[in-house]
Amino acid sequence: MMGLAAGFVLLCLLGMVTLLIRDISRPELVVSSFMLLFLLTGIISPQEALLGFSNEGLITIALLFILAGAIDKSGVMETIFKKVISGSRPNKIFLLKLLAPLSICSAFLNNTPIVVMLTPIIRNWCREHNVSPSKLLIPISYATILGGMMTIMGTSTNLVVHGMMVEQGEDGFSFFQLAAVGLPATIIGIAFLIFLGGKLLPEKAMKPHDEEGAMREYLCEFKVGSDYPYIGKTLKQAKLRKLEGVFLASLFRGSEQFTPVPSSMVINEDDILLFSGDITRISSLQKTKGLKIAAHEEAGQFQYMKVVEAAVTPRSSLLFRKVKETDFRSNYHAAILAVHRHSKHLQSKIGDIVLKPGDIILLAVGKEFKKETSRIDFYFLSQLDDSLFDPSIRKKGWTSLFLLGFMALLVIADILSIIEAYGTAVLLLCLLKIISINEIKSFIQWNVLVLIASSFGIGAALANSGLAEFIAHFILNTFAPLGLFTMILALYLFTNLLTEFITNNAAAVIMFPIAYKLSLIQEIPLLPLAMIVSIAASASFATPIGYQTNLIVYGPGGYSFKDFLKIGIPLNLIVMAVAVSVVYFVWF
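Start counting the sequence shown at 1; every next residue gets the next number (the working numbering).
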């Protein structure tokens, strides 16, 4: 029977999962708040609350963020993949040529910057070959997820589970141990994407002008100048109510907002008109005398200006902040002209919009635009001129890549531990002046680290309250009579369902204590059950919100939620079948 403490923790977990699914606040803030609640109620001790911050897996993840950032800022991976796909024609051989090396790279590098880097390259290639980008962007996201399952450093989830095993006195994963499951899952998964993916993925036509963001519904502000001929006239007289492809969403006058805007409303000087619609149609309004995009007053200060389209990354420092609070102009030497949010109608002033992962922004960039530092916060759907990129940085990228490969070999040969190897690599990058201390601070995804560290406290609450044991007994009583295979299948299924709606790291930390209790009760090895949790928590294919790379391609590919379900559920089932079968027949 469930005790009072277990019931309280269960209710809190349900509340936490609900908040994470609804995206009400930053995930790390939600998880750390519940961790603090468990500390204040005495369910976990201060030592258990802080345990995650000193965990071996967490420290390793921080080091890998730095190494991945050094390689990412150099653009060297961009150069490699441009050569890989250059001259290729759209066919199954091309897909194999793209997805196979992509999965190998993601086994050793953080997959998020890889997908960020590849997205504009794939979109340009699709435009040149008259291919829909929706046929390729989900496959590159899935290939990186699959590849990350092959090594301990392939995903942060693998390192988190490894760290939790070490905390329990286990040896943890060896470097390639997960490949026993990850390699066959990757091979079969890529084959599925090559031969059946094209039939399941939607055909979203790419217009010749789509590269600059046409056909998306953007929100853009115009300011009424003193030379506007319709000052003192109504909106109807100014013919601003029935514009083709554009809708006047709101009018701002001082601190007042008028939504909806009546046709009889009189236009005053300095009014801010908020238009929603196709950006090419909105841009045509600039030809109207006396109407000017509000952000151009700021962008006009630039000596050189180019308009580019970018998307806010899931690791961005801009997340959950109002545009006007980001100090965008001074931080990036750029101005936000317009904002698009997938499947949502925005009605706030540009400055009042709270940015979220996947938001697409139209930027006016100056010659001093800080492309290298901006890569953390957003990625480009239209490529920038090479003049905005320092070529000397790319040369340093090869050094970073060599160091990462060499240190990986030392770990594989069991000469150095992961922390020793990558700590040494980071130190060498600093000594060689390839990266600076300030860059290290920007490369580390502090929000992810706080989320993971706080999740350890959540896991401790499950164990201390007896909830983990209660769920373990439920799984045993329900599925063990059907055999060990079914019990392992149930553990995988529960973990996988959870990871589709909350972060993969949080799912792993919640499910690991349950796997640990199962191993104790059944007197079976923890390692295979930990592998099930790690693989299941990483294998998020069915929703765009379950994994960062899915969210990255969601908007640029023009996908709907249903598109991910259509191709993701079959792939989920394939990986589940492979993982459970391999673990059962190899370890039991």
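A portion of the hints provided could be inaccurate.
To be verified - Below 27 Å or equal to it, Euclidean Cα-Cα: the simulated DSSO-like pairs (lysine-lysine) are:
| # | residue 1 | residue 2 |
| --- | --- | --- |
| 1 | Lys82 | Lys204 |
| 2 | Lys223 | Lys287 |
| 3 | Lys349 | Lys236 |
| 4 | Lys233 | Lys204 |
| 5 | Lys396 | Lys83 |
| 6 | Lys135 | Lys396 |
To be verified - Simulated restraints on C-beta separations:
| # | residue 1 | residue 2 | range |
| --- | --- | --- | --- |
| 7 | Phe406 | Asp23 | 36 to 42 Å |
| 8 | Asn130 | Phe406 | 39 to 45 Å |
| 9 | Pro101 | Lys324 | 38 to 44 Å |
Honestly, the hints are just simulated from the structure, not real lab data.
Yeah, the Cβ is synthetic: ideal placement off N, Cα and C, and Gly gets one too.
Results of checking the hints against the structure:
| no. | hint | verdict |
| --- | --- | --- |
| 1 | Lys82 <-> Lys204 | holds, 23 Å |
| 2 | Lys223 <-> Lys287 | holds, 13 Å |
| 3 | Lys349 <-> Lys236 | holds, 22 Å |
| 4 | Lys233 <-> Lys204 | violated, 42 Å |
| 5 | Lys396 <-> Lys83 | holds, 19 Å |
| 6 | Lys135 <-> Lys396 | violated, 34 Å |
| 7 | Phe406 <-> Asp23: 36 to 42 Å | holds, 40 Å |
| 8 | Asn130 <-> Phe406: 39 to 45 Å | holds, 42 Å |
| 9 | Pro101 <-> Lys324: 38 to 44 Å | holds, 42 Å |
The earlier numbered hints that this structure contradicts are 4 and 6.
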